[in-house]
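With chain A fixed as given, assemble chain B onto it according to the hints.
2 protein chains.
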Amino acid sequence: MSDTKNLQMLLQCPMPKLDFDVITLGHGSGGILTNKLLDSGVFNLLSNDILDERHDGAFIEMNGKMAFSTDSFLISPIFFPGGNIGELAVNGTVNDLAMCGAIPKYLSLSFIIEEGLKVSEFWEILVSIKYACEKAGVQVVTGDTKVVEKGKGDKIFINTTGIGTIHTKANIRSKNIKTGDKIILSGNIASHGMAVMSVREGLEFDSEIKSDTTNLNYTIISLLEKFGNHIHLLTDPTRGGVATVLKETAQSTNLGIDIFQRNIPIEEQVANACELLGLDPLYVANEGLFISFIDASIADEFLKMLKKDNNGIHAKIIGSVVEEHPKQVILESAIGGKRVVSMLPGEQLPRIC
Amino acid sequence: MSDTKNLQMLLQCPMPKLDFDVITLGHGSGGILTNKLLDSGVFNLLSNDILDERHDGAFIEMNGKMAFSTDSFLISPIFFPGGNIGELAVNGTVNDLAMCGAIPKYLSLSFIIEEGLKVSEFWEILVSIKYACEKAGVQVVTGDTKVVEKGKGDKIFINTTGIGTIHTKANIRSKNIKTGDKIILSGNIASHGMAVMSVREGLEFDSEIKSDTTNLNYTIISLLEKFGNHIHLLTDPTRGGVATVLKETAQSTNLGIDIFQRNIPIEEQVANACELLGLDPLYVANEGLFISFIDASIADEFLKMLKKDNNGIHAKIIGSVVEEHPKQVILESAIGGKRVVSMLPGEQLPRIC
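So the sequence lines, in the order shown, correspond to chains A and B. Quick note on my numbering: the first sequence kicks off at 1 and runs consecutively. Quick note on my numbering: the second sequence kicks off at 354 and runs consecutively.
By construction, these hints were calculated from the structure, which means they are not laboratory data. Where is the CB? At the ideal position from N, CA and C, for every residue including glycine. Please note that a few of the clues may not be correct.
With a straight-line Cα cutoff of 16 Å, these simulated EDC-like cross-link-like pairs (lysine to aspartate or glutamate) come out [what the hints assert, rightly or not]: (1) K503/B x D309/A; (2) K528/B x E53/A; (3) K226/A x D309/A; (4) K370/B x E474/B.
Counterexamples of contact, computed for chain A against chain B with all Cβ distances above 12 Å [claimed, not checked]: (5) G180; (6) G278; (7) P326; (8) E332.
Pulled out of the complex, with its shape left as it was, chain A reads as follows (with noise of 0.2 Å):
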């Protein structure tokens, strides 16, 4: 179940001993073994003052431009390789924070368990939440458990939202993108949604293809601080994948999108497994990727400086914005033919985050 991170985190959090093995309908009901759950000390790994105040909410204190956003994960399996989902649902929340300019401060945290859970994998989840909140800069300050009955629910679905103030120096909005803007992507695509599969099919490589989930906050705070207002646009390409993201844009903005598929970086053995399976990997999920929207004019230096970055060293300059075909987004192939890239039709990958 258990990656090598993960059992190195494990080792420094031992869990707490329990009369129980697996969570049941009565710790969701408020009662005895609700109080019995929060008091078990499982929940202590998260401790802070604002969550020990254990109220019907957090008192927080903030001031200012904020943003402001949820995501609920629904992953299966919730173990994959390079990640689970405690961490996704941390990262996932930290990051469409970090997307909006903003430095991720406070989360909730909102678990929706099918009896018959496994305390110790309930455990290994929050177990990486912790370790994942550390790594972030974020606090859990005030959650939910709710528990349905077998069959009506999968294992675990962990609902995030989280509070952020805005960075001063940006101003990330999709009207600011204009003709002639860069387009960045920060590093290699289909590494998470390649992940989770190669685990649904159980396919096997040469090395295991990990999940690329991450927190990508510290990474987007460097970059604004340092070039402010000529970032346009940032936006995650999660569900949909990048191919989704590109087109959206594009629709909003009323530009049209040109990009190269050579400059698109993918690790070789995640292009077969691509190949192998007939998925087109531009539509495939990421989770710790990011695509800028970005002034022509600092493209090279933004390029060099988030190539430092342990989340950008395979960074590329993979297309530009400009006036011609509003609204679609065309792909120049590695043999120099051209094709209209859509969104994600129908459902490639259920399940992925």
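Using the frame of chain A, we list chain B on its own:
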């Protein structure tokens, strides 16, 4: 499915014409179908300037002390006498914020839909979300829609997370409770739980038992305006009922609580239904009810003011905080006997909210 109240709302909000009748996995893909759902006009119902930006998160501005609260709603059935899961989800989080002494302002809204949900049912839920938001004076500013395979969810689960500004006169903390404080219950108990149970068990009564789901924020705000920090704690007895909330408060304050059964208001047919099903109404969930722990000096005036409010017509002083028997809640029965009140043991009514 719909009761009179909902029918009136639906008449005022005709559903946009769509070329699909049910929600499918593709509507949660993030691709074409998700965008089709977003563009269908369905979500225009909740339109406001912030939501309409459709970025990864909402841009909001707030200052000072705030409350932040989250809740996932999994009630079954999703339509019940007196309401549905949509307004329940709005009112639930609005009330959690109000219990913190906050003026609720912004909500996030996250749907986990089981494939096959009828769009007409989804529409009805959205309509009641719209009206509940208007009634409570809050805006949905950011959202998320995910879809799970049939059998991995149950029609629809909804997470709402809310932010509100703490009222300047509010100082709501259980540590403010002291010996002599009066405990005021705002109305009849057990209506929500028994409304849901009567549907599940197919019970019929002379007149239908209806859920008490409603927003309490305006009631709370006017009480805070008048009585400020004489109000020590506000709490809503949802899951686990009145008994569980009182026991939790006794435990966290290390004080005792005495309550008097003859003062606890309950509708006759709700009491009868509880007896029929062998349920103690003290443990049955409420949605539009709150318990106030207040300074004894204001008790009469507080009760008088609350009873003039639509949400407090049946309010009663049900007991007081005592030095004796710390951490214990003692109920004096109608015939004078005394018993210790514990939290809800196990799970009485799964999926009640």
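Against the structure, the hints come out as follows:
Distance hint between K503/B and D309/A is unfulfilled; the C-alpha atoms sit about 42 Å from each other, more than 16 Å. For the proposed pair K528/B and E53/A, the alpha carbon gap of about 10 Å is at most 16 Å, so the pair holds. For the hint pairing K226/A with D309/A, the CA-to-CA distance comes to about 14 Å; that is within 16 Å, so the pair holds. For the hint linking K370/B to E474/B, the alpha-carbon distance of about 14 Å falls within 16 Å, and the restraint holds.
At the 12 Å boundary, the C-beta of G180/A stays outside the reach of chain B, the nearest C-beta of that chain being 22 Å off. In this structure G278/A is separated from chain B by more than 12 Å, as the shortest Cβ-Cβ distance comes to about 16 Å. Here P326/A stays apart from chain B, with its beta-carbon at least about 17 Å from theirs, past the 12 Å limit. Its beta-carbon lying about 22 Å from the closest one in chain B, E332/A satisfies the requirement of being farther than 12 Å from that chain.
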